[in-house]
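Start from chain A and add chain B according to the hints.
Quick note, the sequences are listed as chains A and B, same order.
The numbering used here puts the first residue of the first sequence at 1, with every later residue one more than the last.
The numbering used here puts the first residue of the second sequence at 1, with every later residue one more than the last.
FYI, nobody ran anything at the bench for these hints, they're computed from the structure.
This one's a predicted model, so the numbers in the text were calculated from it and none came from an experiment.
Just so you know, even glycine gets a beta-carbon here, dropped at the ideal spot from N, CA and C.
A few of these clues could be false.
Stated by the list, open to error - According to the in silico footprint, chain B covers these stretches of chain A (three or more CB under 8 Å from chain B):
hint, stretch
1, 176 to 190
2, 403 to 417
Said to hold, decoys possible - Here are the computed distance ranges between Cβ atoms for each label pair:
hint, chain 1, residue 1, chain 2, residue 2, range
3, B, GLY222, A, PHE52, 32 to 42 Å
4, B, ASP183, A, ILE418, 33 to 43 Å
5, B, PRO66, A, SER54, 21 to 31 Å
Unchecked claim - Beyond 12 Å from chain A on every Cβ pair, some chain B residues (computed):
hint, residue
6, VAL36
7, ALA88
8, PRO137
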Amino acid sequence: MSSAILAAFGLVFDPYVLTVILLSAIFGLFVGAMPGLTATMATALLVPVTFFMSPVPALGAIVTATAMAIFAGDIPAAMLRMPGTPASAAYTDESYAMSRKGQLELNLGVNLVFSVLGGLIGVLVLILAAPSLAELAINFSSFEYFWLACLGLTCAIFISTGDPVKGFLSLFVGLAIGCIGIDPAAGYPRFTFGNVDLMSGINFIPTMIGVFAVSELMRGVMTVDQAGRPVQEKVGALFRGLGEVTRKYWTNFLRGSAVGTLIGALPGAGADIAAWVSYAMAKRFSKEPEKFGTGHIEGIVESTSANNSAIGGAWIPALVFGIPGDSITAIVIGVLYMKGMNPGPTVFLENPQLIYAVFIIFILANLLMLPLGYAAIRGARHLLAIPKNVLLPIILLFCVVGSFAMTNSPYGIVLMLIFGVVGWLMEENGIPVAPLILGLVLGELLEHSFMTSMIKSDGEFLVFFQRPIAGLLGALTLTTWGLMLWRGLRPARAAI
Amino acid sequence: MRINRRHMLSGISAAGLASGLSLPAIGQARYPNRPVTLVCPWGAGGGTDATARIVAAILEKDLGQPFNVVNRTGGSGVVGHSAIATAAPDGYTIGMITVEITMMHHQGLTELKPDSYTPLALMNVDPPGVQVNANSPHKTIKELADAVKAAPPGRMKASGTGQGGIWHLALIGWLQAMGLRPDHVAWVPSNGAAPAMQDLAAGGVDIVTCSVPEAKAMIDAGRARSLAVMAPQRNPQFRDVPTLNEALGINYSVGAWRGIAAPKGISADINNTLVAALKKAYDSKEFQEFMANRGFGTTWADPAGFAAYMAEGDRAMGAAMTAAGLAKRA
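Chain A on its own, in the form it takes in the complex (with noise of 0.2 Å):
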């Protein structure tokens, strides 16, 4: 073994595997950065280039790519309110919030440590417990996943500020829209009037640029003549204050790493959805819940932990059982065959030194996510000085790049647009946009788990907890539901 870890010491430390690794961590950085870019399409455009190299350089440049790109999305989503890649999604609005309060500095100080310290924790249970916790994951079937999906429909309702009939509002439309498309379970055509790409429904990205960052530029286009510069001009000190942060939310960092992890490890389930459940689990379990939206960094500091954490996370059933964790590792299963590093509980064996390395291309990604991260940070500032007029419509040209790269095709475009006006009229009325993107996330995992569940069990429900792990979790639904319901309805009571 030792000789193993040596080797893969050797093989990391090579000039051409280090180049290779510096190049993909800025070729991640910009990707994670510009809206409508995903860590997934890093992926997806790398692996042409890794064809032609060997394992443990192709492997690198995914790993790394994809740890900056998660990381560096959280940039535009502080300082222009534009998620750069759906994992900043969860908390783009108290990012921006944060930043209108002058907290620029702080947040993206918080958002990068925190991404490193959270990236580590993930990579440190990919090596330690990789097989034990690959063995809980791949005892998920569709009943676990349906009261997976409750559990995080229910965020909806920690992560809406303000009124929860506003926020189930904002949900439902969610849910309802992402019901266009093809049915999951029957495979029949729904709400789509014979148009081809409503056939394939309504993709969630340029849908999710649509309602941020589009809503946000009319909103900018509004008051483009008065106060001439977006949020504030200068990015100081990062790194100031980080301490008081770090003292008094440390157990937010342990509980988002360790929740990012986990749900990284479950199939199907990715960076996203940690971010998301993570900021619900933040506000469920503060001291000062009333804060959050306002611009509280609490939050923040869980979910940017999580959503790092879940891409080692997603690793482990990967290489275990080759069962994608989220959609970056499933392209990565296809580089693992083509390397000739079949996933397997053998490929711990067969090959220990390239899974080794692969390990230590992680630890080294996120450490230099440190430097590069504040090199980005430092020269993203620069968008802050452009004047607003100039400003806005760059920013459009981005959103519209990005909307076209998810379908290829001008629906996303299109999308996008009809999206803006719709997440604009409905934060003029007080509705929160980010259940919308919630619901259309979980929507179809919630329909297909349930479909399948009831096809599976010849439509008994009781099957839904007769499993161990279903049973728990069905539970625990239900006694949060119980719990929330109670809430809502004690002060009704007293006031009679």
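Below, chain B without anything else, positioned relative to chain A:
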């Protein structure tokens, strides 16, 4: 910018000078003289995407122009397939079409049929396998077949792809060959083979009828066993898995295939250039090694052979889907 304009100007003047000559001939002699788009109807990272990308990489090296793989996903493959069929027939948009083109129109999802395309080359065929959980009491395909026959209709569950997908039809074909009703084993739709194999390992379903390469990771992990392949011959990568014919005497074989096609109406010259380049790509060491590494089968058919193969597949799928009640009644 300036270079572009100069190119354009010289192009225009050349066109002016050559007005007496046959213009298309000049254009075709230089095909391809700009990047070519290769549409993939399935998502990045899957088997079709990987195959499309290796083919594109080899064509790019051979023909000297970039071949960009563009994923047009969604709608169970309808979106990408219609993007290929409706593109301009100038040779600059081609695509990878898959077995679904012989199935979707029977379901009423689209009007597109195999003859909506100019077939160029069949590159790959993967037969289905029969996989069970490693803890399943059924050690051989014979034992499983007996258990399936003995079970009440609908008791056993199988998965592998969406409702009416290719692996669903593989199950139906096998059940019908055994003289059972198409829904004797209930179908649990999944988002592809990998989630289905995971559900098999999690104990959610009894049988998964995806191809053996797709099941390989779970088999290697000791979580699943492959009992048979529905093919005329065994897979050289999985020598100890028998065919249905040797084990049960059932001669049933159907496969998922991938090929390259262009929109209808491309010129003969472009057609010939592409077919020759595809044949070269198919025979290349890179392609054969890549496919062998993934465990994917390689099968070649030229345009005429590919068209006949699709027509035959289309007829068989139509019959099977009608029998199973999956086809849309006219």
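Right, here's what the structure says about each hint:
no. : hint                            : result
1   : 176 to 190                      : holds (count 7)
2   : 403 to 417                      : holds (count 3)
3   : B:GLY222 x A:PHE52: 32 to 42 Å  : holds (34 Å)
4   : B:ASP183 x A:ILE418: 33 to 43 Å : holds (41 Å)
5   : B:PRO66 x A:SER54: 21 to 31 Å   : holds (24 Å)
6   : VAL36                           : holds (14 Å)
7   : ALA88                           : holds (15 Å)
8   : PRO137                          : holds (19 Å)
Comparing the model with each earlier hint shows no violations; every hint is respected.
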